[in-house]
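Engineer: Listed below, chain by chain, are the residues.
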Amino acid sequence: MAEPMKIRATLKNNMAEIRVLVAHPMETGQRKDATGAIVPTHFIHSMTVHLNETLVYDGQWSQAISRNPVFALRIKGAKIGDKVVVHWMDNKNDKRNDEITLQA
Amino acid sequence: MNLFRRQFLRLTSVVGALGVTGLSALELVLQAPSALAAVWNKPGFESKVVEEVMKSLGATNAQPSAEIHINAPDIAENGAVVPIEVTSRINNTQSIALIAEKNPFPLAAQVELLNGAEPYFYVRIKMGQTSRIQVLVKADGKFYTAHKEIKITIGGCG
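Chains A and B, in that order, give the protein sequences. The first sequence: position 13 = 10 (the working numbering), numbered continuously. If you want the working numbering, it's the 1-based position in the second sequence plus 284.
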């Protein structure tokens, strides 16, 4: 099972800024290991964020996203106590769900 | 609906594991219904030519726009981590796609912003070499584009 994501959510003037750090190798399929064998692709292809069960960010990613991805989004009209759920799935069907409650 | 989508994603990867042959029929099925538009854009992500990426997004006649602001370094020393921040001031921005034109697979990400999400996008990408970054914004069904050249000192693909 993948490591938990680090999610930071700050609220300013009704605008939530959510920053997420994911632990993931994001292998491109271009890199070779010490023996010269190509390391197969292994990357997150789907990244979604829900605010109180409503889909706000529906991301499709490629292997070009950096290792241990960091991404951010902003949501208007969010309130303290709102629940933010971040979910990813990679091309090996590994997945992870983490959530955080918006705080002041 | 989202559950439905998950099931489809699972299904596609299962079929993917079986091999590429015989996949095209399923792909056709997957791409047809608009309800499943958010299924991973396989032709776009696997194409090596920017024009084909545009076609896969349906953005062949995108208009240049000064209302898309790209905040990214002019020179990135490490191509493995290039921060890209995009803010769109176009009304009703629905989605933002990011293309690194000279990457082996140019399409880096396409993100739909829904239900109150601001037209804002931040992510860190890998770039193999100095290249133009192209941002495609979809708003009211139309496509707008902006670009920025980023110099790479050490490529980040290997």
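Calculated from the structure, these hints are not laboratory results. Take these hints with a grain of salt, some might be off.
Said to hold, decoys possible - To spell it out: a stretch of chain B is covered by chain A in this simulated footprint if at least three of its residues, at any positions, have a beta carbon under 8 Å from a beta carbon of chain A; those stretches are:
no.	segment
1	324 to 332
2	348 to 359
3	401 to 411
Note that CB positions come from ideal geometry on N, CA and C, so glycine has one too.
Engineer: Now, for every hint given, state plainly whether the structure supports it.
Structural biologist: Consistency of the hints with the structure:
no., hint, result
1, 324 to 332, "holds (count 3)"
2, 348 to 359, "violated (count 0)"
3, 401 to 411, "holds (count 10)"
Checked against the numbered hints above, the structure violates only hint 2.
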